[in-house]
Amino acid sequence: MFQYEKKLQYPINIKTTDPKLASLIITQYGGPDGELGASIRYLSQRFAMPYPELKALLTDIGSEVAKLHSNSTIF
Amino acid sequence: MSTEQEMLLRRLSGAQFAAWETHMFLDTHPNDGLALEANKKYQAKFLEVSKEYESKYGPLNHGDTYGDTRFEWVNDPWPWERTDD
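Chains as they are written, first to last, in our numbering: chain B, 127 to 201; chain W, 69 to 153.
The set of hints was computed from the structure by calculation and includes no laboratory data.
Each hint should be verified, as a subset may be incorrect.
[Stated by the list, open to error] Lysine-lysine pairs mimicking DSS-like chemistry, simulated, CA-CA at most 27 Å apart:
1. 119(W) <-> 109(W)
2. 119(W) <-> 141(B)
3. 132(B) <-> 108(W)
4. 124(W) <-> 113(W)
5. 146(B) <-> 108(W)
6. 181(B) <-> 108(W)
7. 146(B) <-> 113(W)
[What the hints assert, rightly or not] Derived Cβ-Cβ restraints for the label pairs, each shown as a range:
8. 148(B) <-> 132(W): 27 to 35 Å
9. 137(W) <-> 138(B): 31 to 39 Å
10. 139(W) <-> 174(B): 35 to 43 Å
11. 149(B) <-> 96(W): 42 to 50 Å
12. 70(W) <-> 142(B): 22 to 30 Å
13. 102(W) <-> 175(B): 39 to 47 Å
14. 127(B) <-> 146(W): 32 to 40 Å
15. 141(B) <-> 136(W): 38 to 46 Å
16. 200(B) <-> 79(W): 22 to 30 Å
17. 146(W) <-> 148(B): 14 to 22 Å
18. 146(B) <-> 102(W): 42 to 50 Å
Idealized CB from N, CA, C, for every residue including glycine.
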């Protein structure tokens, strides 16, 4: 489905810690509105998609958001 | 992490980003020859820079071990580990 690459998509360098911002960011990772759920939704919805271009797009976006590494490295 | 490694990673991510964005554009515009050409170019660039990076800093994918005495994939550091402090 996707292949792990031993690198970050974008460099992360946190200079000052901010628990309040961290608690906001973590809601974008897991939870009902997070990337994790979104990823599974894209990948499930593609099975009912009739158009070939959009089957490809749902597959690509779904596996893209499965690459949550930048987001989780923050913690 | 050395600045040379950071620079290589930045070039790698740049090529990867461009390859990925043109890839997704092609999903909805599969007959766009110009975009196809751009995608191939960035894909090739990504492969070229990956090879350079891997020869210096170890494998990016689990299959890419270069030596024949150790499975280099297991070597530290991992991307979430800081090496500068």
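Hints, verified against the model:
{"no.": "1", "hint": "119(W) <-> 109(W)", "verdict": "16 Å, holds"}
{"no.": "2", "hint": "119(W) <-> 141(B)", "verdict": "31 Å, violated"}
{"no.": "3", "hint": "132(B) <-> 108(W)", "verdict": "23 Å, holds"}
{"no.": "4", "hint": "124(W) <-> 113(W)", "verdict": "17 Å, holds"}
{"no.": "5", "hint": "146(B) <-> 108(W)", "verdict": "43 Å, violated"}
{"no.": "6", "hint": "181(B) <-> 108(W)", "verdict": "21 Å, holds"}
{"no.": "7", "hint": "146(B) <-> 113(W)", "verdict": "40 Å, violated"}
{"no.": "8", "hint": "148(B) <-> 132(W): 27 to 35 Å", "verdict": "34 Å, holds"}
{"no.": "9", "hint": "137(W) <-> 138(B): 31 to 39 Å", "verdict": "33 Å, holds"}
{"no.": "10", "hint": "139(W) <-> 174(B): 35 to 43 Å", "verdict": "41 Å, holds"}
{"no.": "11", "hint": "149(B) <-> 96(W): 42 to 50 Å", "verdict": "36 Å, violated"}
{"no.": "12", "hint": "70(W) <-> 142(B): 22 to 30 Å", "verdict": "24 Å, holds"}
{"no.": "13", "hint": "102(W) <-> 175(B): 39 to 47 Å", "verdict": "26 Å, violated"}
{"no.": "14", "hint": "127(B) <-> 146(W): 32 to 40 Å", "verdict": "21 Å, violated"}
{"no.": "15", "hint": "141(B) <-> 136(W): 38 to 46 Å", "verdict": "42 Å, holds"}
{"no.": "16", "hint": "200(B) <-> 79(W): 22 to 30 Å", "verdict": "23 Å, holds"}
{"no.": "17", "hint": "146(W) <-> 148(B): 14 to 22 Å", "verdict": "21 Å, holds"}
{"no.": "18", "hint": "146(B) <-> 102(W): 42 to 50 Å", "verdict": "46 Å, holds"}
Hint compliance for this structure: hints 2, 5, 7, 11, 13, 14 are not met, and every other hint is.
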